[in-house]
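Protein chains: 2
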Amino acid sequence: MNYSQAQDEFLRELSEDRRRGAGELARRCLEMLAECAAQLPASAPEELHEDLRRLAEELMRTRPSMAPIKTLLERWLQTLAKNPEEKLKEFRTRAAEEAGRLSEFSLQAAARAAGCASEAIGEGQTVITHGYSSTIAEVFRLLRNKDVMAIVSEARPLLEGWRLAKRLQQWGIPTTCITDAQIGLFVELADVALVGADSVLADGSLVNKAGTRLLALAARECEAPFYVCCESFKRSSAPPGEFELEEKEAKELGFPEKLGVRVRNIYFDVTPPRLISGWISEEGIRTVY
Amino acid sequence: MNYSQAQDEFLRELSEDRRRGAGELARRCLEMLAECAAQLPASAPEELHEDLRRLAEELMRTRPSMAPIKTLLERWLQTLAKNPEEKLKEFRTRAAEEAGRLSEFSLQAAARAAGCASEAIGEGQTVITHGYSSTIAEVFRLLRNKDVMAIVSEARPLLEGWRLAKRLQQWGIPTTCITDAQIGLFVELADVALVGADSVLADGSLVNKAGTRLLALAARECEAPFYVCCESFKRSSAPPGEFELEEKEAKELGFPEKLGVRVRNIYFDVTPPRLISGWISEEGIRTVY
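Protein chains in written order, with this note's numbering: chain A, 1 to 289; chain B, 1 to 289.
Don't read these hints as lab results, they were simulated from the structure. These numbers come from a predicted model, not from an experiment. A few of these clues could be false.
Heads up, the list lumps identical chains together, so a pair's fine if it works in one copy or across two of them.
Claimed, not checked - Cross-link-like lysine-lysine pairs, in silico, PhoX-like; alpha carbons within 20 Å at most: (1) Lys166 x Lys89; (2) Lys89 x Lys258; (3) Lys251 x Lys89; (4) Lys166 x Lys251; (5) Lys166 x Lys258; (6) Lys166 x Lys87; (7) Lys248 x Lys258; (8) Lys146 x Lys82; (9) Lys87 x Lys251; (10) Lys146 x Lys166; (11) Lys82 x Lys251.
Just chain A, same shape as in the assembly:
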């Protein structure tokens, strides 16, 4: 496989990845760019720089609902600014190292955000969540000895809630798994709703797995606080109206195609800031955005 094929392969993998959250995928992109920086054929730093810029921009376009990909890759491109003294080999090393440094920085930020969220949740509380987020999984791991209970909605179409429930079970956290349709019933048993984020928009609106907005509405209705926890790299400068919500293949839903009914499969929804009690990041908890 040549470099061009490897890039195409990675772009397809990124486009089709339904398992990883936005933060994990952004770090995967940085890893891939580090590899390309080290190995792409080039005869001068300018040529390699241009190829890396083009590739990074294609990665950003591939998952438009995931702000951290854009944020981290743009920040990485900024670090690559020309140094006229630099040789190709030095440029390769620096570009790869910067990608690794940003990836590590993002990982640490997510871990600190999770730590901050875990401190906000009291001993013995019941937490309801929706979708899979590695940051929220980390919050539960930190809470595993604090006698908390979890309510996890399955998150159709791909039921990633089941994956989270499985991990919580391994950590000994009593977990109840429900259909998304039962969120309105089970939010009443929860002390707090806590979700991750794919992106947080300019006004504080939350872009997350479709169904999150219903959880926020239901939490508000029974006066349970609704928190979002994610690292600051997930912040986007886009206003809610200009943000693209990714849609995936209708066939994922399993509806018999021959019926001719239009089937929609939008992966994310937008929860407005008025339904959010707090934004938790590595910087602490903000209650006003």
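Given the structure of chain A, go ahead and fit chain B onto it with the hints provided.
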């Protein structure tokens, strides 16, 4: 198969029926009681009356979330009041006829309620609904030439929304099918939310397929009216706190059992009257309950 086996068979069928709504099942119960009235072995009217009463009470207990079964069967039992002149054969005929008359009356009421709802929905409107209700299907049938569009959520676990979508498609109504998790996204495209009912409680609270409450919350959030349409037999005198919400087998959700996670499968939820814009029945539209 003897009569006792046939009754057990019917009770199991009633308990496991996930396809029919409350109104249809109540009418099935009346049919079955009419058959028993005509054929159960008995030597005197009193004996048959007692057997029918016991059977009717067992039917009511089998589906506690479905008020019309209780309402119609109690009404039927009232019509069976002793007539000392009556012979066994006359009693059999009268009991069977009363059951048929009530069933027909319920069917007509549902049809009139549907007619009333269809008049409330304007030409060219988009209607969002959740769950399967024969009354709501009838509303759409009446609207098939009024240029309306439908958004139907699938209604996990058994995806009865797909069944409704299929019927709407046959009537030429442009229909979009979504996961329950996307309700918050698609309610914004709807002019009105319209659902059927399993029961309407003493304070006007709506008992319907789990997820209905989320649709009502989302409709309120974007200022779309939320209507419930059902015949008056679905009214229950029970207050919300004393109403039993049926729970079915966890295995219907398909969650791998070996994980040991607790899986809940409550079929109905309760939508409080403050989220309901109007109650449509054969008597017309009430906007206050």
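Structure-based check of all given hints:
no.	hint	result
1	Lys166 x Lys89	neither (45 Å within a copy, 62 Å between copies)
2	Lys89 x Lys258	neither (57 Å within a copy, 53 Å between copies)
3	Lys251 x Lys89	neither (47 Å within a copy, 59 Å between copies)
4	Lys166 x Lys251	between (26 Å within a copy, 16 Å between copies)
5	Lys166 x Lys258	between (35 Å within a copy, 10 Å between copies)
6	Lys166 x Lys87	neither (49 Å within a copy, 65 Å between copies)
7	Lys248 x Lys258	within (19 Å within a copy, 30 Å between copies)
8	Lys146 x Lys82	neither (50 Å within a copy, 64 Å between copies)
9	Lys87 x Lys251	neither (50 Å within a copy, 63 Å between copies)
10	Lys146 x Lys166	within (18 Å within a copy, 48 Å between copies)
11	Lys82 x Lys251	neither (46 Å within a copy, 60 Å between copies)
In summary, the structure is inconsistent with hints 1, 2, 3, 6, 8, 9 and 11 from the numbered list given earlier, while agreeing with the others.
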